[in-house]
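Heads up: the sequence lines are chains A and B, in that order. Quick note on the working numbering: the first sequence kicks off at 3 and runs consecutively. Quick note on the working numbering: the second sequence kicks off at 215 and runs consecutively.
Just so you know, these hints were derived from the structure itself, not from any lab. Ideal placement from N, C-alpha and C gives every residue a C-beta, glycine not left out. Incorrect hints may appear among the rest.
Chain A is faced by these chain B residues, among others (derived, beta-carbon under 7 Å) [as the list claims (entries may be wrong)]: (1) PRO255; (2) ALA258; (3) PRO259; (4) LEU261; (5) TYR264; (6) TYR302; (7) TRP306; (8) SER308; (9) ALA312; (10) GLY313; (11) PHE315; (12) GLY317; (13) THR322.
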Amino acid sequence: EVQLVQSGAEVKKPGESLRISCKVSGDSFTRCWISWVRQMPGKGLEWMARIDPGDSYTNYSPSFQGHVTISVDKSINTAYLQWSSLQASDTAMYYCARQGLVGTTENWLDPWGQGTLVTVSS
Amino acid sequence: QSVLTQPPSVSAAPGQKVAISCSGSSSNIGNSHVSWYQQLPGTAPKLLIYENNKRPSGIPDRFSGSKSGTSATLDITGLQTGDEADYYCGTWDSSLSAGVFGGGTKLTVL
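So here's chain A without its partners, still in its complex pose (with noise of 0.2 Å):
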């Protein structure tokens, strides 16, 4: 069983960097696309970006390119979303999630992390 394991909740203030991990476990890491969704409170999920693990290659949303970026170190099969600056608006649940297999046009997000919480106020 394929399992996306997310690490712990944040608290951070304006203007700090960030990187929230997700570790992947029972399949071949580099097999497919991890992507990240953000859900602000009370609200929907909103697509950001997926990496391919095998050779890093990224596709950003448009609403999130340039304000975080993200990686992965195939050596420890984990992904990484990051942030140099934070705002209070970046105040929200992240959720890892594999998003189909690399080479093909599967699109569907399967397994989900179970979420890392992001809270950012001075």
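Keeping the supplied structure of chain A fixed, place chain B upon it in accordance with the hints.
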């Protein structure tokens, strides 16, 4: 505003059927498969339907999906109180080169 359009809420009585619509355009639903997700309160989303109408293992056949042109529909029959959740459609947008979701639909089982 979300790229895909869903009704904010739907409701029906236990045992009844409900349909949740998802409308898009030629750059997303029109040329990509649609998936549906169920998010129970306080939990991570879960895949319900993929490739328009396929169910992952463990998903009851009370849940079904369809797609026509630039719209998709999730049907839920034999409603149960445990189906109360938020439901999201999702797909890939070739113009944006990005994934997109609908705004979500809150299902209430009266």
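Margin query: Let me make sure I understand: some of the numbered hints might not hold for this structure. Which ones are they, in numerical order?
Written below: 1, 8, 13
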